[in-house]
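**Q** Please arrange chain V on chain Y, whose structure you already have, making use of the hints.
Number of protein chains: 2
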Amino acid sequence: MTVDAQISAYLEQALCTGKADNCPPKLKSALQHAVFPGGARVRPKLCLAVASACEPGVDLSDALAAAAALELLHCASLVHDDLPCFDDADQRRGKASVHIRYGEPIAVLAGDAMIVLAFQTLALKAPTYFRELTLVMADATAPPNGICAGQAWESEAEIDLEAYHNSKTAALFVAATRAGAVSVGASDAGWRPLGEYLGQAYQLADDLRDAVLSPEDLGKPAKQDTRNCRPSAVESYGVSGTYQRLRGAIEAAADSVPLCAGTESLRQLIHAQAVRLTPEHLVQDVA
Amino acid sequence: MTVDAQISAYLEQALCTGKADNCPPKLKSALQHAVFPGGARVRPKLCLAVASACEPGVDLSDALAAAAALELLHCASLVHDDLPCFDDADQRRGKASVHIRYGEPIAVLAGDAMIVLAFQTLALKAPTYFRELTLVMADATAPPNGICAGQAWESEAEIDLEAYHNSKTAALFVAATRAGAVSVGASDAGWRPLGEYLGQAYQLADDLRDAVLSPEDLGKPAKQDTRNCRPSAVESYGVSGTYQRLRGAIEAAADSVPLCAGTESLRQLIHAQAVRLTPEHLVQDVA
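Residue numbers (this note's numbering), protein chains in the order written: chain Y, 1 to 287; chain V, 1 to 287.
Pulled out of the complex, with its shape left as it was, chain Y reads as follows (with noise of 0.2 Å):
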């Protein structure tokens, strides 16, 4: 079964947990919608690849009980980002938002459901290190420090800017290495440059496709951050000036990698994972 297939069968799982079949129709529908065709489940990948480099060939039962509440934190903070009071999004992944089809409450609801599928999971698959594992997503997603946080600071007057790139983007992708590591056993102490530093990247790369790419490119409504007043890395520094920074931020996740088992792979992994974070035409612009 490849990777994709694994992810997917525990989010199926996780969505429908076995019971009886007598969820309310749109709320079980909206979390479908959410949660499927996903997008390229980058953070679950990160925490399954960094599993296997920490202990080649081992059992990844935690890791991907683990890989399967990333995803569902993830989809969970998409769904609210994009109500009418956060970004007003009205398609996301290339359809419509959830709250376009099943209307604001449903939208509401599976957010929260999704939060509580995530630690269900967790509480139901990973057989070892359930407790380490619900430690790192809360983290990643409570405040001080995680997601929910890092939204918030969009209510304040005055942003702290490291903090909210941190907390909004880079805490899902450190939840992500320091859950790989800790699901196989290993310390996480290492890992969390490496998610940190891939966490600035993809929040350039966000920035750099949302100022450069058309809505049917990018699946969603573009020039989102100016719309919204949002501080973005490419008013700041310029289309130019942006690349830059992504490329040395994939180049500071690479060489963060700590000694392990399979720290040349996890690289490789790294730098392909950059040429499909870039857009194509954007590149060749700028090179």
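Worth flagging that the hints you see were computed from the coordinates, not collected in a lab.
For glycine and all other residues, C-beta sits at the position ideal for the given N, C-alpha and C.
Where hints are given, some of them may not hold.
What the hints assert, rightly or not - Capping the alpha-carbon separation at 35 Å, the derived lysine-lysine pairs in DSBU-like fashion look like this:
hint, chain 1, residue 1, chain 2, residue 2
1, V, LYS28, Y, LYS125
2, Y, LYS125, Y, LYS95
3, V, LYS28, Y, LYS45
4, V, LYS125, Y, LYS45
5, V, LYS28, V, LYS95
6, Y, LYS125, V, LYS125
7, V, LYS223, V, LYS28
8, Y, LYS223, V, LYS45
9, V, LYS95, V, LYS223
10, V, LYS45, Y, LYS125
11, Y, LYS223, Y, LYS125
As the list claims (entries may be wrong) - Covered stretches of chain V, as calculated for chain Y (at least 3 residues, CB under 8 Å):
hint, segment
12, 21–29
13, 46–56
14, 244–251
To be verified - With beta-carbon atoms standing in for the labels, derived distance ranges:
hint, chain 1, residue 1, chain 2, residue 2, range
15, V, ILE159, Y, GLU216, 38 to 46 Å
16, V, SER236, Y, ARG276, 53 to 61 Å
17, Y, HIS271, V, ALA157, 36 to 44 Å
18, Y, PRO231, V, ALA9, 57 to 65 Å
19, V, ILE159, Y, ALA261, 53 to 61 Å
20, V, VAL239, Y, CYS16, 39 to 47 Å
21, Y, GLU158, V, VAL275, 21 to 29 Å
22, Y, ARG276, V, VAL58, 51 to 59 Å
23, V, ALA9, Y, ASP21, 37 to 45 Å
**A** Relative to chain Y, chain V alone:
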């Protein structure tokens, strides 16, 4: 230390998890506003009462963690229920609701954060039955039977009334009785009916209070069920009929208490709660 003080101490610790104080100020303040001062803390007290009834004199660390988690999940549901897309309630517990005071984005995020903090609290503070308690809390909140699903029935054209009431109100009461037993190593098998009857009683009492009390006495807008076209027991059975059903649910609750060391004292507690639940002048009106 009183039970109230113990619950408050656990909740205080959950809201500022001992880390550097770099939480966005509005989110931090909104979390305090949502949790303190509390309502009657009915669910956490029920959990602790069941734990003590099962195993008098036993260490209550796991039960207190569960109690705090229950209250955080309850407060999260209140903050989200008050949002404009649900009840659009401008008051709660006699003061401005969270979205009125801090804005809608912070209200959404505060609810999300409290859900995560509930599971984090279990991971940090429940030394023994962490996994079991996590599953109890997830059952009570996630689809298909938790409060997210209960609320979602309101978006359906045809409401499954039994599923609606069971999941919207009874679910957290069932979680309270189950968690009480589980947290001291007892079986939760016999404790579900007590939670269900108390949940019913609470829903009936709430419908009664909503129909007959003023906003000042309620501490929130009155006649919300009618205004939001929601099914209400008073609409179906009248004030007197609803009151009779409330009495019946309380009796059934007291009768359902499984045989354990503290059966008698728990029954007395339930009857005492029943008096508190019913508005005094109403008892006189229908007596």
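**Q** Now, for every hint given, state plainly whether the structure supports it.
**A** A quick look at each hint next to the structure:
For the hint linking V:LYS28 to Y:LYS125, the alpha-carbon distance of about 32 Å falls within 35 Å, and the restraint holds. Among the hinted pairs, Y:LYS125 with Y:LYS95 is consistent with the structure: their alpha-carbon atoms are about 31 Å apart, no more than 35 Å. Proposed proximity of V:LYS28 and Y:LYS45 is supported: the alpha carbons are some 33 Å apart, at most 35 Å. Distance restraint check for V:LYS125 and Y:LYS45: the Cα-Cα separation of roughly 31 Å lies within the 35 Å cut-off, and the hinted pair is therefore satisfied.
For the hint pairing V:LYS28 with V:LYS95, the CA-to-CA distance comes to about 17 Å; that is within 35 Å, so the pair holds. At roughly 21 Å between alpha-carbon atoms, Y:LYS125 and V:LYS125 fall within 35 Å of each other, so this suggested pair holds. Only pairs whose Cα atoms come within 35 Å are accepted, and V:LYS223 paired with V:LYS28 is accepted, the gap being roughly 31 Å. Taking the CA atoms of Y:LYS223 and V:LYS45, the gap is about 50 Å. The hint is violated against a cut of 35 Å.
Under the criterion of a C-alpha separation no larger than 35 Å, the hint pairing V:LYS95 with V:LYS223 is consistent with the structure, at around 18 Å. For the hint linking V:LYS45 to Y:LYS125, the alpha-carbon distance of about 31 Å falls within 35 Å, and the restraint holds. With a CA separation close to 39 Å, the supplied pair Y:LYS223 and Y:LYS125 exceeds the 35 Å bound. Coverage of the segment 21–29 of chain V by chain Y holds. Counting CB-CB distances below 8 Å, 8 residues qualify, and the rule asks for three or more.
Only residues whose beta carbon comes within less than 8 Å of a beta carbon in chain Y count, and the segment 46–56 of chain V has 0; fewer than three means the coverage is violated. Only when three residues or more bring their CB closer than 8 Å to a CB of chain Y does the claim for the segment 244–251 of chain V stand; here the count is 0, and the claim is violated. The supplied range of 38 to 46 Å is met by V:ILE159 and Y:GLU216, whose beta-carbon atoms lie about 40 Å from each other. Checked against the hint of 53 to 61 Å, the C-beta distance between V:SER236 and Y:ARG276 comes to roughly 58 Å, which is consistent with it.
The given range of 36 to 44 Å is broken by Y:HIS271 and V:ALA157, whose C-beta atoms sit roughly 52 Å from each other. Roughly 38 Å separates the CB atoms of Y:PRO231 and V:ALA9, a value that falls outside the hinted 57 to 65 Å. The supplied range of 53 to 61 Å is met by V:ILE159 and Y:ALA261, whose beta-carbon atoms lie about 55 Å from each other. Remark: the range hint 39 to 47 Å for V:VAL239 to Y:CYS16 is upheld by a beta-carbon distance near 41 Å.
Between Y:GLU158 and V:VAL275 the beta carbon distance is about 50 Å. The supplied range of 21 to 29 Å is therefore violated. One distance hint, 51 to 59 Å for the beta-carbon pair Y:ARG276 and V:VAL58, holds here, with the actual separation near 55 Å. Take V:ALA9 and Y:ASP21: their Cβ atoms lie about 41 Å apart, and the range 37 to 45 Å holds.
Consistency note: the structure conflicts with the earlier hints numbered 8, 11, 13, 14, 17, 18 and 21.
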